[in-house]
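I would like the entire structure built from these sequences, with the hints used as guidance.
Here's the letter readout for the chains.
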Amino acid sequence: MLDRVQLTEDFSISRLAQGFWRLADWDLSPQERLEFIESLLDLGITTFDHADIYGDYTCENLFGEALELKAELREEMELVSKCGIKLISENRPEHEIKYYDTSKEHIINSVNNSLNNLRTEYLDLLLIHRPDPLMDPDEVAETFKQLKEEGKVRNFGVSNFLPSQFEMLSSKLDFPLVTNQVEISVMNFENFDNGTIEKCQEKDVSPMAWSPLTGGKIFKAKSEKAQRIKNVLEEIKKDLNADSIAQIMYAWLLNHPAQIIPIVGSGKLYRVKEAVAAAEIELTRQQWFKIWQSGLGHPVA
Amino acid sequence: MLDRVQLTEDFSISRLAQGFWRLADWDLSPQERLEFIESLLDLGITTFDHADIYGDYTCENLFGEALELKAELREEMELVSKCGIKLISENRPEHEIKYYDTSKEHIINSVNNSLNNLRTEYLDLLLIHRPDPLMDPDEVAETFKQLKEEGKVRNFGVSNFLPSQFEMLSSKLDFPLVTNQVEISVMNFENFDNGTIEKCQEKDVSPMAWSPLTGGKIFKAKSEKAQRIKNVLEEIKKDLNADSIAQIMYAWLLNHPAQIIPIVGSGKLYRVKEAVAAAEIELTRQQWFKIWQSGLGHPVA
Amino acid sequence: MLDRVQLTEDFSISRLAQGFWRLADWDLSPQERLEFIESLLDLGITTFDHADIYGDYTCENLFGEALELKAELREEMELVSKCGIKLISENRPEHEIKYYDTSKEHIINSVNNSLNNLRTEYLDLLLIHRPDPLMDPDEVAETFKQLKEEGKVRNFGVSNFLPSQFEMLSSKLDFPLVTNQVEISVMNFENFDNGTIEKCQEKDVSPMAWSPLTGGKIFKAKSEKAQRIKNVLEEIKKDLNADSIAQIMYAWLLNHPAQIIPIVGSGKLYRVKEAVAAAEIELTRQQWFKIWQSGLGHPVA
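Residue numbers (full-length UniProt numbering), protein chains in the order written: chain W, 1 to 301; chain Y, 1 to 301; chain A, 1 to 301.
Please note: incorrect hints may appear among the correct ones.
[As the list claims (entries may be wrong)] Covered by chain Y, according to a simulated footprint, are these stretches of chain A (three or more residues, beta-carbon under 8 Å):
| # | region |
| --- | --- |
| 1 | 198-205 |
| 2 | 283-291 |
[Unchecked claim] As a list, the in silico EDC-like pairs of lysine to aspartate or glutamate whose alpha-carbon atoms are at most 20 Å apart:
| # | chain 1 | residue 1 | chain 2 | residue 2 |
| --- | --- | --- | --- | --- |
| 3 | A | K237 | Y | E96 |
| 4 | Y | K172 | A | D204 |
| 5 | Y | K230 | Y | E190 |
[Claimed, not checked] Far from chain W, some chain Y residues (derived; all Cβ distances over 12 Å):
| # | residue |
| --- | --- |
| 6 | E32 |
| 7 | T58 |
| 8 | L62 |
| 9 | E76 |
| 10 | S89 |
| 11 | H106 |
| 12 | E234 |
| 13 | E274 |
| 14 | I281 |
Quick caveat, the hints were computed from the structure, so don't treat them as lab data.
This one's a predicted model, so the numbers in the text were calculated from it and none came from an experiment.
Just so it is clear, CB atoms sit at the ideal spot from N, CA and C, and this is done for glycine as well.
Shown next, in the form of structure tokens:
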């Protein structure tokens, strides 16, 4: 069974989260979606990552259709959603461009939509999806407070926030932001370089990692960099008798002391099981740094 | 009448400031300068932005000549000045290169000069003009304290400071820095990108914006970027029935929640009136982001 | 006699430190090494900078061989060492790549090795040599605490840490980090640009400067930049009647208000004496900025 990670004293999530970004592409019936959700819960993956905009504003409802079939499962899971991005979409004809909206009005509307679509009375965690150059952090703080008091959202976090943005919003809140969901993978060290992971460690905040498998870039290995990293992953996979290089990529994140929560994006159960098994893999520091070095393209300084 | 912005509990400035950077170029008699000042006050622009070095060290005196003609106006305005840059100048033959000086001796000399030239007994606000790699923040703090106690300067701020520099100096002071005067415009997002505006929002500090009209780059529209932004400004101007794209550029700043104070640089009263009228313009988020996107050159992430 | 710099209330180091990075290359007998150490102490240079890895893991022992000849000198000096880097080396055949290790196990082993090699019962100062992307700051903090309680290390600092890394580790400690040893020279303004020196000033931490003479780049003057800076150094050397441009480079660091401690790297006593004499040189701000401008390659903004 998967470990859990405490984000606050009374809120924990599973060591791996399942993302439902591409749920609309999986082409499953409501009953099949429910079976997938139940399998996840059986594996110990109880944290389900959504956003208002996923699947062009459709994925939350697809999940909700399944949950409705067995509503008592709600208490066995943590539902995470996001808001703040407005997409150009047939479902939102009033949007002439893609833009951000972190106004009180939009956050509250978006949360209400998410609750309706997900067939739930509360979110366990709401994230601001992107840092908004027009954000009024006082207004966001007031909105979070109201949503908490109304019982609609229990915990709050951010996504893709730089340390300065995390500090700005945190400084206006009476409670801590519990996560920062950012891209981290063997192909993407950006959040190591810009201080984001360090800020998380300073604040004892566990980051969630999107695209933990590099969005497929490693498997295709079209660039010299991807090929170089892949070679190292293959070597370590062999040394550890692992099932796949995907496992090594998960293990690379799971072995980091920041308690990074990888978000599994696949809808195939055998892929998810592979990820769960990766939670058992221990990398030596030297192995971790072989991957780091292959990502850098040169030895450490 | 223009709104005011509280920088501290007992110090407010007008929603727009007037800059006197180019006062020497306006070629006005002392009486004409006085009339311009009186017109500004009538419009509600009471905050006048100076620096020791403007006009090759001459502008403060040109302003002072006018103020002397009607000294009782002093109490109706806020005088802002700056120090810390040393120019190569016939008026400062001892300077062999352009450099910075934030020593106690130089700050105090420069303030005394500003007071003499402006014909005033105090500055409402003194800014360190540029971050100085040779700054001793303890010495600057001690100097600020002394100037405050002597009644020569009532409030202090900085200009063109990065967050790290703002924090360094703030940490040595017993009172808050009340502003950071930086370049912000539809052509210049630097202070969005480097955390400066976020640091202001975190600290509840209203930034002042220099070159709010891009230093004329938009009007000339010589670059592809400038032309692209200008097209969007023209479109929004039309949608809002505004008088000019300058108004849209001011409104873009004034609609930001950080309470950005644009510094009007023109010496022509009809231009200033245009700016004042811009304070009434409300942009939708979508309009604000159309300008943001045109400045980025691509949709938001 | 050289000044001292207080790093904490009860811990001071000399205004210049001596580095033993290249001790293995100096080709000295133990007795000659001892004589060099005694000469340094006579000059007031009492702070000796080591690292586990210097000379491919050999320099600490070479120093210890000399100290053993006159063990009573231990109380007249401050011994600084570092850990956290693992080199590919015949002396560490288990290292397949160069990597970092800031685990409790490695830090403690490395300190024990340093104590044995240096023939001492305590280090005055231990530095983490490089920021480690796999660092667990809580584990490092726990390790520092234990080493302090055991009396093996009296003070702690870091090397080559960015502000975010400095803050991360500091936040976990009950005592302050006393220095950040970074590269600073007339050829290298990186730590001015990235906020590191400002963070030191904010925290009243004196940085130590490695490669204060640019690692020889100025003397060779192979690049246009190096030649440009060298010309300015020569000019100022002449104006001040100094002995060498090396002295001007030291003075440029010593005149900075952050109380930068240059680390002298030469094993030749006349070079060290030159450095000590540089501590008497006062640069004007204008001279300091002539060097700064030559390093920038353009006037200040």
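These are the hints, each one checked on the structure:
1. 198-205: Since 4 is at least three, the answer is holds.
2. 283-291: Holds, because 5 residues of the region 283-291 of chain A bring their Cβ atoms closer than 8 Å to Cβ atoms of chain Y.
3. A:K237 <-> Y:E96: OK: A:K237 and Y:E96 at ~17 Å, within 20 Å.
4. Y:K172 <-> A:D204: Given pair Y:K172, A:D204 holds - Cα atoms ~10 Å apart, limit 20 Å.
5. Y:K230 <-> Y:E190: Satisfied, since the Cα-Cα distance of roughly 19 Å is no more than 20 Å.
6. E32: holds, 40 Å
7. T58: It holds; Y:T58 is separated from chain W by about 38 Å at its closest Cβ, greater than 12 Å.
8. L62: holds, 38 Å
9. E76: holds, 31 Å
10. S89: Its Cβ never comes within 12 Å of chain W, the nearest being 37 Å, so this holds.
11. H106: holds, 31 Å
12. E234: Since the minimum Cβ distance to chain W is about 16 Å, Y:E234 lies beyond 12 Å and the statement holds.
13. E274: holds, 24 Å
14. I281: Nearest chain W Cβ is 15 Å from Y:I281, so the label holds.
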